[in-house]
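Undergrad: Generate the whole structure from the sequences, applying the supplied hints.
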Amino acid sequence: MEPILKIENLDKVYPDGTVALSNINFNVYPGEFVVVIGPSGAGKSTLLRCMNRLVEPTNGNVIFKDKKINKANSKQVKQIRREIGMVFQNFNLIDRLTVLNNVLHGRLGYTNTIKGSLGIFSKKDITEAEEILARVGLSKQKYKRADELSGGQMQRVGISRALSQRPRLILADEPIASLDPASSKNIMDHIYNICTEDKITAIVNLHQVEVAIKYATRIIGIQNGEVIFDGQPSQLTDKVIDEIYHDRRPPLVHAQ
Amino acid sequence: MSELEKSSDNIYSLNRNEDNNEMIVKPKKDFFIKGVLIFGCLFFLFSLYELNIDYSNLLEGTVAFFIMLGDMFPPNISEWAYVLPAAIESLQVAILGTVIAVVISLVLAFLAAENLAPNKWVARIVKSFATLMRVIPTIIWALIFIVAVGLGPLPGVLAIAVHSLGMLIKVFAQSVEEMDGGKIEALKASGAGSVQIIAQGVIPTVLTALMAWTILRLEIDIGESTILGLVGAGGIGWELMRAMRSYDFNTALFITMVIFVMIFSVEMLSNRLKLKV
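Residue numbers (full-length UniProt numbering), protein chains in the order written: chain G, 1 to 256; chain Y, 1 to 277.
Simulated from the structure, these hints should not be mistaken for lab results.
For every residue, glycine included, the Cβ atom is placed at its ideal position computed from N, Cα and C.
Worth double-checking, as some hints may not be accurate.
Straight-line Cα separation of at most 25 Å, DSS-like style, residue types lysine-lysine; simulated pairs [as the list claims (entries may be wrong)]:
hint	chain 1	residue 1	chain 2	residue 2
1	Y	K120	G	K78
2	G	K65	G	K75
3	Y	K276	G	K144
4	Y	K274	G	K144
5	G	K75	Y	K120
Distance windows between CB atoms, simulated [to be verified]:
hint	chain 1	residue 1	chain 2	residue 2	range
6	Y	A212	G	D242	50 to 56 Å
7	G	P181	Y	L106	43 to 49 Å
8	G	P233	Y	I104	55 to 61 Å
9	Y	F39	G	I228	54 to 60 Å
Quick look at which bits of chain Y chain G covers, simulated, 3 or more residues with Cβ under 8 Å [what the hints assert, rightly or not]:
hint	region
10	177 to 186
11	193 to 206
TA: If you want it as structure tokens, here you go:
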């Protein structure tokens, strides 16, 4: 099977000299649910943002469906981004707009500049956005302002916004880091079930190893900007976990 | 000792600082604020001495002031047919100037905000341009425009528009810069263009701030437009000047009262508006 995303020799050095990523190589195949784990500051967010070029890679290639996103001009980048949905730790909704309007933002890339700016979307887009909201259980909330929702509901709107793009790939950057345990489970279930049902490939950054093991079809462990583990969840032994979190994981409290 | 315990020891035991050659530097005291304070006090004393004010005038002046105030009563309303239209003209000048400034600054503020500008040089150039417009007082702008376009309300409108533009670009850009970058990132990630990001993401987020600043600016501009009449840029200031020059203090009092009512009611109105936004 052809990979949907290829990462080749990817490096990222920030202007202040911080090496965020060095020589990252891996392929992601359609239908995979990849979870990227690693300590804070390991480069997980940077890696995800290089994939849709919210962060400019320093070296190497990011190839999405045979298109080099790192070589694309700004118009092509926008077209590629439409097919890649993104979900954020802080939800990043526009607070003062309605839930429905926030979901429709996923259609901006497909709408012309003037209509999009004025918030005029096609009937089809609106019906589809409503269907997506029904799917995540937010039909009743569709005319509420986004800032009236709870954290878990906000994240479901975030997921809906990504889905309304009809993406081939979803990137989720710590989607449950700001949520309580119950909402976290709910959100991970939604992301996992939707991606499985709609055959969307997913790359999810997480810092909870147990959650990663529960959902992932494949786990990538990174530390100091390098991939140090890439394999099945079953291959992720305690020794490997220790290695991934090695120099940055002092136990918060000693267990036992 | 396992690997994990060793690393945790290093993080938690503070007295190990000496081990990692790190010098503990006492922060330098900041003499800047002290210096400014001392200089300010000295300059105040120097000015007090240098200006050589004759304080006996103060007492005489106060008495003269109250005599004049007495002369002003009762207010002469006979010229209302000239005064009221002039008051409305001042209001019109202020509103026109403010609206022009708001419209132009809405475009320029997004170029001046460093999180949205195409590059930081554009932002800096627009910001310096705004500073230039802001540091020149409205009344000086009015004098410049009177030379350029002649007497009347037009130089007043232009003067208010230009000076307000300088302030509005700055405060609008600041509101935009304070916005959470993640929201912009999220719209970018969906493939939205920059105009769409501004219209659908930035404006809804900063709208309250923009409206509050606009109302404040309108308040200031109404005050300024009454003063502009003094230099010949139309409006009620011109009437006040005329009355004062011809020692017609009773009419001057009436004009002053009209100005007071006008500004006071605008403030009342804007306070109500601020509660709504």
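Undergrad: Could you run down the list of hints and mark each one as holding or not?
TA: Do the hints match the structure? See the list:
no. : hint                        : in the structure
1   : K120/Y x K78/G              : holds, 22 Å
2   : K65/G x K75/G               : holds, 17 Å
3   : K276/Y x K144/G             : holds, 19 Å
4   : K274/Y x K144/G             : holds, 23 Å
5   : K75/G x K120/Y              : holds, 22 Å
6   : A212/Y x D242/G: 50 to 56 Å : holds, 54 Å
7   : P181/G x L106/Y: 43 to 49 Å : holds, 44 Å
8   : P233/G x I104/Y: 55 to 61 Å : holds, 58 Å
9   : F39/Y x I228/G: 54 to 60 Å  : holds, 59 Å
10  : 177 to 186                  : holds (count 5)
11  : 193 to 206                  : holds (count 9)
Consistency note: the structure conflicts with none of the earlier hints.
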